[in-house]
Structures are given as C-alpha cells and as structure tokens.
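Participant: Protein chains in written order, with the numbering used here: chain Y, 1 to 327; chain B, 1001 to 1327.
These aren't lab readings, by the way, just hints derived from the structure by calculation. From the three backbone atoms N, C-alpha and C, an ideal C-beta is built for every residue, glycine too. Heads up, some of the hints might be wrong.
Simulated restraints, written as ranges between beta carbons of each label pair [as the list claims (entries may be wrong)]:
no., chain 1, residue 1, chain 2, residue 2, range
1, Y, D256, B, K1100, 50 to 58 Å
2, B, D1222, Y, K228, 56 to 64 Å
3, Y, K327, B, F1159, 43 to 51 Å
4, Y, Q87, B, K1100, 17 to 25 Å
Number of protein chains: 2
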Amino acid sequence: MGLMEEIDDRKQVIEKRMEEIFAKKNQHPLWEYMAYYPESGGKKLRPFLAMISTGSFGELESKAVPYGIALELVHNFTLVHDDIMDQDEMRRGRPTLHRKIGDPNAINAGDGLFALSFNILSQTEVEGEKVRTLLEELSSSILKIAEGQEEDLRFEKTFQIEEEDFIEMIEKKTAYLFRAATRGGTIIADRNKKEIEKMGEYARKMGIAFQIQDDYLDLVGDEDKIGKDVGSDISEGKRTLMVIKALSELPDRKKDRLIEILEGENNAKDEIKEAINLMKDTGSIEYSKSLAKQYAEEAKSELDIIPKSKYRIILEDIVDFVISREK
Amino acid sequence: MGLMEEIDDRKQVIEKRMEEIFAKKNQHPLWEYMAYYPESGGKKLRPFLAMISTGSFGELESKAVPYGIALELVHNFTLVHDDIMDQDEMRRGRPTLHRKIGDPNAINAGDGLFALSFNILSQTEVEGEKVRTLLEELSSSILKIAEGQEEDLRFEKTFQIEEEDFIEMIEKKTAYLFRAATRGGTIIADRNKKEIEKMGEYARKMGIAFQIQDDYLDLVGDEDKIGKDVGSDISEGKRTLMVIKALSELPDRKKDRLIEILEGENNAKDEIKEAINLMKDTGSIEYSKSLAKQYAEEAKSELDIIPKSKYRIILEDIVDFVISREK
C-alpha cells in the first residue's frame, strides 16, 4: 500500500467518528457552525500521525483515535480563528466561516471546537495519569500556537524579521501540533521519555519542512495543482522564508522595489513575476528548498529508535511526501 | 468572619498563584495580553465556589486551587471574546482588550487563556481518573457556554423570545460555569454522584438568580454602586427577563413604544425612564426580582446534604449575597 492509501485508510476511520460527534448538529445551530470546517475535507494528517506513532510501538492504532480527533478539532479551531484574524474570504473552495455567519458567531464556533477537542480528549481509553499527560501536552502545544500567531501578527507589520525568529514562528504555528500528534501517539503507546522526545523532534522538524514547502509551492507550484494563483502570497504581502532571505541579500534599490510590490494592493501579474525574479536572483528560493530538505533529513534521522517495520516506512514516507508534494 | 472576608481570603490565594503563572508575561507579548483581564480585579467567585465546595466535604481547600484558577481563566477568556463579539468599549473601568490591541490579537489572547486554563487543570493534585472527570466537566461546561452565547447572539436579532428560552440561555452562559465550580470542587473532595449532582444544582440555580439580579440592578440600582448609568441595558437594547416579560404583557401600542426605545440609539434619559415605567406597569420588574428569590431559595434547599458547618453557612450566605447585592 502506498502512502496515500495508508493516509486514506485512517482518514475514513477519523471521518466516521467525527460524523458521529457532529450528529448533534441538527439539534443546535452552534454545532452546525462548528461542523462547517471539519466536514470540508482535508487529509486528517494530524490524527494520522498520532495513529501511526501509536502503531509504530506495537500498540493498537485505534487507541489514538480520540486523541487524533482532538488534534484535528484544534487544527480546525485555529483555522476558524485565523481566517477571522486575517479576514480571509475563502477556505477549501468555500466561503470562510466568518463570511458565512459573521465574525461573532465564528469566534464562538471556534471556541466551541476548542472545547469539543478537550471533551473528546477525555474519552481516550488510557489510564487516568496518561489523560493528564495528554492534557498537558495538548494544552501547552496550543499555547505555543497562540504565541506563534502573535508573532505572525507582529511580523505582518514589519519587513525586519530575522530568519531565526521566522523559523521559530512557523515552528510554533505549524510544527507544534504535528509534534503534539507524534508525542501523544507515543505516550498512548506507553513508551519512555527518550522515545517521546525523539518522536516529537521528528514531527517538529518535519513540520518546519512542511511549512517552508507550503510557501515554496505558492511561488513555483503548478496553479492547477495548488488550487490558487502562483504568487498569491506575494499579492498578500506574506512574509515567507524566501522573502526574508531575499530582503537580507538584495541591494537597497531592489530591496525597496520588492517591499513595494509586497505592500502593493492588487498586484499585476508582471509585478508578481518581477518579485519572483528578484527573489530568484538572490538564490532565496533555492535556499528555502534546500533548508526544507535539510529539516526533512534531520526529521528522518530521529526515527532510528523505531523498529524496522511498515510503520517506520510510513513515517519516512510522510517526510518525503512533505517536501516533494506538489499541492 | 463575614462572607466578604471569606471571599477575600481565597481571592488572595488565587491572585498570588495567578501572578506566578503570569510572571511569564515579561517574556512574550502574548502573555502580557493574556494577563490584562485576570489582573484587573474581580471577586474570583468561581475559584471561591470550587474551594468552598471542596472544603464543605472535609477536604483541604487548597486541592481545588488549580481547578479554581482554570475556571477563572475560562471566565476571563469568555469575557475577552464576548467583548469582541459585542464590540464593547469598557470593562472594569479600563478599555476592553480588543480596543487596546485590536481584534486579531484579542481573539488570539482569548485562545491563549483558554489553553492556559486546561494546562493549569492538568496540574490538579488528584489521581489521574479524577483529572479525566474534571476535564470532561470543564470542557462540556464550555460547550454549554458557547451554545448559550450563540443563543444570545440570535436573541439580539428578535424581540420574540420565550421566557423559557431566555432562562435556558442565561443558564448556559452564566450558571454552567458556577455549576462546574461546585461540581468540580465536590469531585476533588471525592464525593459520590448524588452529592456532585446536588452541589451542581445548587450552583446552577444560584447562577440563574445571579444573572437575573444583575439585570435587575441595571434598572433599579444605585448608579454610584453599580458603576454605570442606570438603564444602560435599555440604551443597549439588551434582552432581559424584565423586557421579555413586559413585552408579553403590554398592549400593542405600548409594546411598540418599548421596542422603539430599545432599538433606538443614544436614548435620552427621559426615554429610559419611560421604558422603565412601561416595564413597571406590567409588574415585570417585581416579577423578575421574585423569580431570582425563588431560584435562590431552591438553590439553598439543595444544601441539605452538607453537614452543618461554617462551610454550609458560607454556601447559604453566597446565595443571599447574590440576590441582595447592590452592585
């Protein structure tokens, strides 16, 4: 079975359970709002990582299902709130939730998903002390996500961002929930501290690679595959590793021009192309790609503690997928 | 010791622990934002209820401190998000958080408080299975709060609200967190299901009385004591039990006039007085007061399971305080 089949396998389990959870939605409008993002697809990568981590250590994957759903609900609550903060219009081909029901109801629906996440966590079939550990794990990860979000909002107001600070921000915003997935899955499998640490490092590094690749695809991807215009991040003035690196390398005049395009509204296509070329000249796009590869390699090297098995292959394949994916 | 001294006693314990928690605020702007409401005072009534419930059954009150802080943080996260949803300008005599730092950062700071709440919960010094029970308790209460908030937002768009639906809404929005406080405190004291139920009912009924009294004070309170203009709820068009009751009793012409005032912007003082008089004529203000008293009496009657002790007296005193308070 290829990686996509493995992912799809678990996705079906997760979606079935989530449908049962949201069956309540006919009884209260809040639940209908809460279900809007979770029902709109997605690969369910975080539950997948949790289940595979549990399975890697010889424990039943199904034990990680409630925790995996908790992660997925957290992911969805951050999407709902992020979309409000950014006033984004579209998500997964549909209007964003706040555009549909207004900011107040969307803020509240995000809070509902947040609460539901911890409610499902309490149903994990592990002994009580492990519930405590998972609770600590998930809640402290969300605190990191919120720190990362604050940093992201702050970075939107400046172009003076150190590469190190940028990596820390995407680590918190993206990598920490992947990290919580593998750590939680390993905790559920009752493994020791060193194993939990290494599985966490695996996911953290993979998560950083994931985000860098995401930004990379926006610039060099195939429009049909990524489902949006190439360079949409430039139109939106998004700070990416490529932008930060380019700004640190470009001579003043070109630097000012790149900032001008990033700050401009409704950029023309040739402006976006100009920006991409400015960035290409500094090698920042290739630099970004190679850094993603480096994080990916380091992620894989953490897996030496896992016995050779189909699970280890899956975990390695995820990393390869993350940096080779085209959408 | 009077009730106020008892409250103040626990408040000091809670505030000290919360200061330690927020000592992190110098290290990250998110934590500074998160600390803004928790540091601005308040009676810490929810932690108090949790501690007194634990103490009522002969267990050390201090065992309920982390859970009490979790409740207080949840309360504060709901205030942050509610203020954004309502676009309120002032809270406890200071600008609301979103007015200070903008909606995006305030949404995120609320999320941070939410996550911190569950993080502190994980530190409760009870056995693991109890942590699971407390987690279930707190998370399902927040889901109820979110349901109540959705109902509240919906009611803002209509004047056709049944009394029963209104009571359900304030029960969810206000009473459920009080209920989580006493139930959690009783769980921490390792008591049985019936005791947990009764302590929960005590707080639920008291919470409903609390909210009715809150709305009542806005109309008949002393401006110096309540710290706002009498009738500010009328200016804001707030749906209260008194409004709903009056609308159901008034003849059409007077009903339309009351709605007109409630919907009007920047009401003159004599319009507010007119609205209050319209409501007085129907007896809705006295009805509201007597319903609060009835809930209060019913709340007290749940306490028969508690041994006669200083704790039982405190629990009775809280109820009396709730319906006799002038601010």
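Participant: Decide, hint by hint, whether the structure agrees.
Facilitator: Each hint, compared with the structure:
1. D256(Y) - K1100(B): 50 to 58 Å: For D256(Y) and K1100(B) the Cβ distance comes to about 33 Å; the hint is violated.
2. D1222(B) - K228(Y): 56 to 64 Å: Holds - the Cβ-Cβ distance for D1222(B) and K228(Y), about 59 Å, lies within 56 to 64 Å.
3. K327(Y) - F1159(B): 43 to 51 Å: holds, 50 Å
4. Q87(Y) - K1100(B): 17 to 25 Å: Between Q87(Y) and K1100(B), where Cβ atoms are some 20 Å apart, the hint holds.
Against the hints set out earlier in the document, a violation occurs for number 1 only.
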